[in-house]
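S.K.: Sequence:
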Amino acid sequence: MGLRREFLSHLGTGSVGLMAGFYLGAQELLGIQSGGTPEDGDGGDTSDGQGSSDEEQQQSSGGDQPADEDQQPSDEEDTSDDPDPAEEESDTASDGPFTVDDFEDESVSGWEPVSELTSTFEPSRGRSSSGSWSVEFSEGSTDDNPRWENVGTAERPTTLETAHALENGEIYADSYTEWRIDGTVVFRVNYNWSNNFLAVNGSGARPSDIDDGAVVADLPWPSSDEFFGVTLDEIDWEANVVGVVRVNGTEQARDVPFFNDADSIDRTTVSIGGDGGNVMFVDDTSIPPE
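Under the working numbering, the first residue of the sequence shown carries the number 39, and numbering increases by one thereafter.
Because the hints were derived from the structure by calculation, they are not lab data. This list has only true hints and no planted wrong ones.
Ranges of calculated distance between the beta carbons of each label pair, as one might list FRET restraints:
1. Arg244 x Leu155: 25 to 31 Å
2. Asp313 x Gly242: 16 to 22 Å
3. Trp259 x Ser179: 19 to 25 Å
4. Glu289 x Glu264: 16 to 22 Å
5. Thr137 x Asp301: 17 to 23 Å
6. Arg165 x Asp249: 31 to 37 Å
7. Asn233 x Asp143: 31 to 37 Å
8. Glu142 x Pro258: 25 to 31 Å
9. Pro161 x Asp271: 24 to 30 Å
10. Ser170 x Ala243: 33 to 39 Å
11. Asn233 x Ala277: 29 to 35 Å
C-beta: ideal position from N, C-alpha, C; glycine also.
Can you make the complete structure from the sequences, with help from the hints?
M.R.: Structure follows, in structure tokens:
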């Protein structure tokens, strides 16, 4: 009987110890899995903090991306300093620096007599092709056919113009505007008042004498208040032709050959002829740059 109690007492003590060991081991195991220790709890917070930090870094990286794209060089070529094609085309198609002297400044600056003759070349108010002023060109007392010139730089204009009116005339009276290169006549607008016709790039006393040029208008005689304005337009320096001739704005001829072939002009000349005493008016005439 005493032996049995001793055995049971030994068995109970060992079982309790064994169960206590199992319990402590299970508690430790369960504690690790549940994060029940303070250290494990801190570790969980650290894990959450790390996740937030990763998201912020990604957002920051994503927010910086457009700035990086903005800073990347553009594949398109910068043409801000390149010439404007429209301006280049305008320059190449321009009339050059020939300008129209309308004498509205009340001056004949740049015009000089070809030689010392008896003619006068003076601004005149009240009779003009446009505006209020023109030039009164008096032949003088002799039949010396005076000429006045405006000489400048050689250019290749694509448009030229001039306008004449006759104050009075004898049986023989004419006038002209010519554009030359040195002594060579390239374009000629001839007002043959005494024979009542206007010709471009031709010479002769009668309309039938104009072979290579063109007769473009009938003229009154011996006097008229009307200005006859002539425009030589679409001048082709390669083909040596005047594309269009207009008189007072109306087209009168096409493809009129140059008076003489040339590659530029550098002066404008006006002249009046007759038996002496003739007076004409000149206005709106193209002149070269100085």
